[in-house]
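As they're listed, the protein sequences go chains A and U.
Using our numbering, you'd call the opening residue of the first sequence number 1 and step up by one each time.
Using our numbering, you'd call the opening residue of the second sequence number 1 and step up by one each time.
It is worth saying that the hints were derived from the structure and are not from the lab.
Just so you know, these numbers come straight off a predicted model, no measurement behind them.
Backbone N, C-alpha and C define an ideal beta-carbon position, used for all residues, glycine too.
There could be a bad hint or two in this list.
Claimed, not checked - Using 25 Å as the maximum straight-line C-alpha spacing, the simulated DSS-like pairs for lysine-lysine come out as follows:
#1 LYS204/A to LYS10/U
#2 LYS260/U to LYS189/U
#3 LYS204/A to LYS260/U
Claimed, not checked - Cβ-Cβ distance ranges computed for the label pairs, FRET-style:
#4 SER215/U to VAL48/A: 34 to 42 Å
#5 VAL48/A to LEU249/U: 30 to 38 Å
#6 TRP226/A to SER216/U: 32 to 40 Å
#7 ARG222/A to VAL12/U: 17 to 25 Å
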Amino acid sequence: MLRQVSTRTTSPAVRGSRPGGGRAAPRRAFRGLPGWLFAAPSIIILIVFIVYPITQSLWYSLHDWRIGAESQIWLGLDNYQRLLGDELFWNALRVTLLFSLVSVVLQIGIGYWAATALMRETWFNRVFRSIFFFPTIVALATIGLVWRFLLDARIGFVGGVVQLFGGDPVEFLQDPSLALSTVIFVSVWKTVGYAMVILLAGIKGVPDSLYEAARLDGANARQLNWHVTLPSIRPTLLFVTMILTINSLQVFDLVYVMTNGGPLFATDTLVTMMYREGFTNFNLGYASAIAWVLFVIIMLLSALQLRLFRYQDVD
Amino acid sequence: MSTKFHVSLKWVLLGIGVLAALIPFIWMIAGSFRSEADLFAAPERLLPTTWTLDGYISIWQELPFLRLLLNSFIFAGVTTVLCLLFDSMCAYALARIQFRGSNVLFWLVIATLMVPFQVTLIPVFIELFHFGWLDTYQGLIIPRATSAFGIFMLRQFFISIPRELDEAARIDGAGHLRIYWTIILPLAKPALATLAVLHFMNLWNDLLWPLIVTSSTEMRTLPAGLTLFGGQHVTDHAVLLAGATISLLPLALAFFFAQKYFVAGIATTGLK
């Protein structure tokens, strides 16, 4: 209440002077100015580098866009039609969806297990948690580089250990049938700690009374897990699933560093394909069409996930 | 019996997990002190047979490493500072100043929050081309100098600060600039620290953005530079591993001393 009175725009004195005419108008315009001035740097950057580009991206995707050309060739929906007939696009879509599905399921599954295993607040558990979380802060480019060397058949530690036990070193990243699984493994390795930390926060928020009530009803550990913990942390599960899915659909760094989409496009994702089309082949219109497909997929999946979780709430 | 088995299975699995989490880093750091011959002769060894500093010596000759390091600090450092300044100013306007259009601005911020960065990449690249900003610091920094998420987070924080503090200052004749700078910002230090850690980490680690904006070797940041050199013929793995180790060092140190800011920042926003 107090704040209403003392805020200048709503003070009775100003209201009263309004019919007085002439002088009130410039004053009021001036009164909005501090707000706009404070917001200006951010708002200008957001408009110039996000809002306008997103409309431009759609516009480019309807053209054969050449950088710096006098006039651009209008294609209508041709770029999108070309996508539908492009085997590499279907391949990239399949790889992206497979990568996302498998890595998100594993990240959440293992992360949940680790969260419940390390739930108690002992110093030992805290050290374990920090170690699992650490890869989250490391650049994907660094992680990709180190794993590429680790898995190298000639110098890698993994191959070395395999040879030690009499096996033949495996070309994890050169074999088209292994490359995608390998990249998924590294992605899971990096992100499991993140899922663990978020899920742990959710699990800690479940009231003890729920467990006590269930225990009185004779529930065992497994039942507690399925019927108390999991339903109670549904909002957290939704949050972490959304973040991880959106993230993995945009995977670029790891693939670019480890395989650059190869071998034989076995790990080529939508963003690496977009990067190749846009910044290597300079098919900017075509690359923009890929970007928009990605945008629509991300929007649809987010909406779908929200819905799925809400439907379960109703049950 | 069966619970005992379960408990020991749990610790065996956790032990394997910790080894799997640590070995790549140990191997990376040890590898940076290792000669190429040693690496080929005994790939099964986690640690070098003989330790050498060659990787750390020749990295300055084989790569423009000082420049990469400097660029990374300029890009991540300046952008983080600008981001905190602009985000907090905008958040102050949205949380503390009543003005016409503030609702529209708020929804604009929320809407941009949902746009995947990759979708704007090509148009932004063309914009930068027309501005003449490709391969420059302003091209790297300005487009990233605000974040919708930062504005949103700080606005929520500013709203929770009691209004009576502003009122008292206003009675003393303070304007918005003074209230923002001497009252709101000092109170928002924990939120700003969390945001700073998050921004710095994401920018320091970013690969795709510097890869697209820069084209000359002198303008590359560490991740972009190491990736491109790693993609070419690697003459010495130790050089690249030394580069990776050095590029990890600032974040690892910060993580060691300020883990809670990392966890808080990453947990509330998600990953990059």
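Practice task
Report the numbers of all earlier hints that the structure fails to satisfy, in ascending order.
Solution key: 4 and 6
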